[in-house]
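Given the coordinates of chain A, assemble chains B and C onto it according to the supplied hints.
Residue numbers (this note's numbering), protein chains in the order written: chain A, 1 to 247; chain B, 1 to 249; chain C, 1 to 274.
Honestly, I wouldn't trust all of these hints.
The calculated label-pair distances, taken between Cβ atoms and stated as ranges, are [unchecked claim]: (1) B:Ile9 with A:Trp36: 56 to 64 Å; (2) A:Val225 with C:Asp175: 53 to 61 Å; (3) A:Val31 with B:Leu160: 42 to 50 Å; (4) A:Ser231 with B:Ala199: 29 to 37 Å.
In the EDC-like style, the derived pairs of lysine to aspartate or glutamate whose C-alpha atoms are separated by at most 16 Å in a straight line are [as the list claims (entries may be wrong)]: (5) C:Lys40 with C:Asp212; (6) C:Lys121 with C:Asp104; (7) B:Lys150 with C:Glu66; (8) A:Lys2 with B:Glu92; (9) C:Lys69 with C:Asp35; (10) B:Lys150 with C:Asp94; (11) B:Lys150 with C:Glu93; (12) C:Lys138 with C:Asp125; (13) C:Lys138 with C:Asp104; (14) C:Lys40 with C:Glu75; (15) C:Lys40 with C:Glu73; (16) C:Lys69 with C:Glu13.
Here are a few chain C residues that sit away from chain B, every Cβ distance over 10 Å (derived from the structure) [claimed, not checked]: (17) Ser50; (18) Arg239; (19) Ala244.
Calculated directly from the structure, the hints in this document are not laboratory data.
Every residue, glycine too, gets a C-beta built ideally from N, C-alpha and C.
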Amino acid sequence: MKARQALYTAGFIAALLILWQVIFLAFGQRVLTPPWATFANAWNMLKMPDYWPDIGESIRAFLIALLIAFGLGTLGGILIGTWRACSEVLEPLLVNINTVPKVALYPVILLIFGLGIWAKVVFGALHGVIPIMISSIGAVRNVNPIYVRCGRTMHLTRWQMLRRVWVPACIPEIFSGLRLGFSLTLLGTIFGEFFASQKGVGFLLMNAIDLRNIPTIMSLILILVLFAVLSNSALLAVDRKLHRRQA
Amino acid sequence: MTRYGWMRIGIVAAAGLILEILCRTNVIPRLIMIPPSEMLASAWKILASGEIKGDLYFSLINIAIAIGLSVVGGFLTGLAIYSVPLLRATLEPFLTSYSAVPPIVFYPMLIVIFGLNRIPQIIIAVMFGLVPMAINTINGLYRIRPVFSKVGRTHRVSALASVFRIQLPAAAPYLFVGVTLAVSYSVIGVISTEFILSASGIGHQISFAYDNYDNRTMYGLVVLLLVIATLLNSTLRYYSQRMLQRWAR
Amino acid sequence: MPDATRTVHARVEGVTRVYPGRGGQPPVNALGPIDLDLYKGEFLSIVGPSGCGKSTFLELLAGLAEPTKGTIEFEGRAVRGQVPDGVGVVFQEDSSFPWLTIQDNVAFGLENEGVDPAEIKRRADFAVRFMGLADFAKSYPAQLSGGMRQRVCIARTLVLQPRLILLDEPFAALDQQTRLLMGDELLRLWRETGATILLITHALDEAAMLSDRVAAMSARPGRLLEIIPTGWPVARDSRIVEDARFGAITARLWTILRDESMKAIGRTESKGPA
Numbered sequence: 001m002k003a004r005q006a007l008y009t010a011g012f013i014a015a016l017l018i019l020w021q022v023i024f025l026a027f028g029q030r031v032l033t034p035p036w037a038t039f040a041n042a043w044n045m046l047k048m049p050d051y052w053p054d055i056g057e058s059i060r061a062f063l064i065a066l067l068i069a070f071g072l073g074t075l076g077g078i079l080i081g082t083w084r085a086c087s088e089v090l091e092p093l094l095v096n097i098n099t100v101p102k103v104a105l106y107p108v109i110l111l112i113f114g115l116g117i118w119a120k121v122v123f124g125a126l127h128g129v130i131p132i133m134i135s136s137i138g139a140v141r142n143v144n145p146i147y148v149r150c151g152r153t154m155h156l157t158r159w160q161m162l163r164r165v166w167v168p169a170c171i172p173e174i175f176s177g178l179r180l181g182f183s184l185t186l187l188g189t190i191f192g193e194f195f196a197s198q199k200g201v202g203f204l205l206m207n208a209i210d211l212r213n214i215p216t217i218m219s220l221i222l223i224l225v226l227f228a229v230l231s232n233s234a235l236l237a238v239d240r241k242l243h244r245r246q247a
Numbered sequence: 001m002t003r004y005g006w007m008r009i010g011i012v013a014a015a016g017l018i019l020e021i022l023c024r025t026n027v028i029p030r031l032i033m034i035p036p037s038e039m040l041a042s043a044w045k046i047l048a049s050g051e052i053k054g055d056l057y058f059s060l061i062n063i064a065i066a067i068g069l070s071v072v073g074g075f076l077t078g079l080a081i082y083s084v085p086l087l088r089a090t091l092e093p094f095l096t097s098y099s100a101v102p103p104i105v106f107y108p109m110l111i112v113i114f115g116l117n118r119i120p121q122i123i124i125a126v127m128f129g130l131v132p133m134a135i136n137t138i139n140g141l142y143r144i145r146p147v148f149s150k151v152g153r154t155h156r157v158s159a160l161a162s163v164f165r166i167q168l169p170a171a172a173p174y175l176f177v178g179v180t181l182a183v184s185y186s187v188i189g190v191i192s193t194e195f196i197l198s199a200s201g202i203g204h205q206i207s208f209a210y211d212n213y214d215n216r217t218m219y220g221l222v223v224l225l226l227v228i229a230t231l232l233n234s235t236l237r238y239y240s241q242r243m244l245q246r247w248a249r
Numbered sequence: 001m002p003d004a005t006r007t008v009h010a011r012v013e014g015v016t017r018v019y020p021g022r023g024g025q026p027p028v029n030a031l032g033p034i035d036l037d038l039y040k041g042e043f044l045s046i047v048g049p050s051g052c053g054k055s056t057f058l059e060l061l062a063g064l065a066e067p068t069k070g071t072i073e074f075e076g077r078a079v080r081g082q083v084p085d086g087v088g089v090v091f092q093e094d095s096s097f098p099w100l101t102i103q104d105n106v107a108f109g110l111e112n113e114g115v116d117p118a119e120i121k122r123r124a125d126f127a128v129r130f131m132g133l134a135d136f137a138k139s140y141p142a143q144l145s146g147g148m149r150q151r152v153c154i155a156r157t158l159v160l161q162p163r164l165i166l167l168d169e170p171f172a173a174l175d176q177q178t179r180l181l182m183g184d185e186l187l188r189l190w191r192e193t194g195a196t197i198l199l200i201t202h203a204l205d206e207a208a209m210l211s212d213r214v215a216a217m218s219a220r221p222g223r224l225l226e227i228i229p230t231g232w233p234v235a236r237d238s239r240i241v242e243d244a245r246f247g248a249i250t251a252r253l254w255t256i257l258r259d260e261s262m263k264a265i266g267r268t269e270s271k272g273p274a
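In isolation and in its complexed conformation, chain A is listed as follows (with noise of 0.2 Å):
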């Protein structure tokens, strides 16, 4: 049965390649590179030391805005689950700010915090931190409270309570919303970076725009893609290890 799914992966995915390769042929290089020489290209960029500075520059401002959003939005998240009251106040209005479009408020977090880097972590914070939020209230809520009541028959301390009844009773849950969060956060940097700034791969995709550098521009985005796609798919091994201990 994997193996089947593999096949069909393994199928959908040369598909998606060919069908690459075609549009190139229709359409001419002015305007696309065909598969290989953009794998090619990609490559060769990651090696070259030029690129490391934006490259690393995006990384950083990606991991930042990811601790922050983790951080806050997990224990935000947990201190108000926790607090019945606070929950039932503040969840309903968490998730109507979450429809807010975030883009809308990216020219005033330019305006707070200038051109530089915390301009970018910001705004990708900004995107992951409600809804790990969102999920956390929601993980501690919905802890079955049978769990809690046999923890105390059971005469656990708060602490083994906690470790023992909670923790892992809450997790699972958490973890979806932190894969969450880390597309949100991944999004709400690449934006940060696409305007009006000065260093990271965002930006040098928009250099490679006017230049009409196809290659460059192609290359780029598959190196985003790929990122994206990576750790997504590892995380979502993670979330389903997770879920299938609790099932």
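Just chains B and C now, kept in the frame of chain A:
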């Protein structure tokens, strides 16, 4: 309105008031933020004067087209994946991973291919919105209780009539969630691309005002944008909730 | 009532249902062979242990599934692949449509038949009142209790004036007291419409108290082991349990079915108290 509802309104109002005070006392300098009351006044002035009518229409039409394509395309895609087992086996794992890649990264490539006009913007917006609609369509079709089709057969309803009289209504709440997401994402997609690089649109005007240090116009436009998006989302969510309540057991 | 004066409403001959094995598993013999004559206007119940194929049998009779072997006839015509005109089905789970009001739910079947709107309203109103739902006509199923929702499903079947009504454990999800009352409702319905009723149930007492005849079905593959006539008068209700014969009939059913039920849960006879 529940007690908690009032508390929420209170929190938002208090936040607005605090901002207003901080701005007016210059704790927050004018270069960074103008007082909320002035933001609202500016938004009203811009709307009333009609100076950005062209841009407003440009953005709204793009959003509308993107919503239409996302909803219809997403529905058909979801329907196809649900009905054809081979497609389902191949594509379903990709659907859940799709949201990992921010479609915005393809914008530069699309500009090169199609030029700097509404086409790349609409394509990006559809890339944002189509898949959530497809996923919710699949979910909705999947959750139709099998007994409903049996009822259709006992009443000798034809297959085609069954789609409209049984399956669509049965899947409607989930389809509606998909539509809500498609709308939300279409707005995000269009506005994001307008910020990055565009010749017209609300996002472009905000970007322009920012570049020109025109805080008053910028904040006015931001407020306008937020109001439009919030109105859209709230209306959809209101009907969505009403539908779910009617169904809730 | 002598058999000679009764007409056969539906006839089942030599019917079996075999599910093909998948993934190397042997095929599953779900039902049969079954022979049954259903007489016009009678109230017949089928009781049997879980998984014996009672619901499968009902689906075959309704035309919702096709038998692997054998024939099914309703009013002289073969039943194959589609639900014949004049047959109504009430399912085990609540199948009322959550997006329609009670009134619209009940009228659902008529919209299809090309009946004019005034007539639809008249017949739907009648069915709604008949099932005691008049106060809730504008409500939605979500606002009603389980028993009332099943009444909506019955009303929806009634508007088409079916001549044969098939019910698949319709009261299984209800508490005992509601079940007893719903049984009375069903009897009232039977008397006033004159339809033939086939009730599938796992409750022996329900079958014994409601029916003209009770058929006992074996464990899988389901076959009809014995058909017990009850001889009850037409004007009966749940208080028939006072009658001494009720105990005897129920006891007879249990004698037949006790072993079958044990087979169904995978136990064999253990020598208990004599």
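Quick rundown of the hints versus the structure:
1. B:Ile9 with A:Trp36: 56 to 64 Å: holds (59 Å)
2. A:Val225 with C:Asp175: 53 to 61 Å: holds (58 Å)
3. A:Val31 with B:Leu160: 42 to 50 Å: holds (43 Å)
4. A:Ser231 with B:Ala199: 29 to 37 Å: holds (35 Å)
5. C:Lys40 with C:Asp212: holds (12 Å)
6. C:Lys121 with C:Asp104: Given that 16 Å is the threshold and the Cα spacing comes to 9 Å, the pair holds.
7. B:Lys150 with C:Glu66: holds (14 Å)
8. A:Lys2 with B:Glu92: holds (14 Å)
9. C:Lys69 with C:Asp35: holds (12 Å)
10. B:Lys150 with C:Asp94: Holds. Lys150 (chain B) to Asp94 (chain C) sits at ~12 Å (cutoff 16 Å).
11. B:Lys150 with C:Glu93: The hint holds at about 12 Å.
12. C:Lys138 with C:Asp125: holds (11 Å)
13. C:Lys138 with C:Asp104: It holds: about 9 Å lies between the C-alpha atoms, which stays within 16 Å.
14. C:Lys40 with C:Glu75: Holds, at about 9 Å.
15. C:Lys40 with C:Glu73: Cα-Cα ~13 Å, so holds.
16. C:Lys69 with C:Glu13: holds (9 Å)
17. Ser50: For Ser50 (chain C), whose nearest Cβ neighbour in chain B is about 19 Å away, the distance exceeds 10 Å, so it holds.
18. Arg239: holds (33 Å)
19. Ala244: holds (39 Å)
The earlier numbered hints are all upheld by this structure, with none contradicted.
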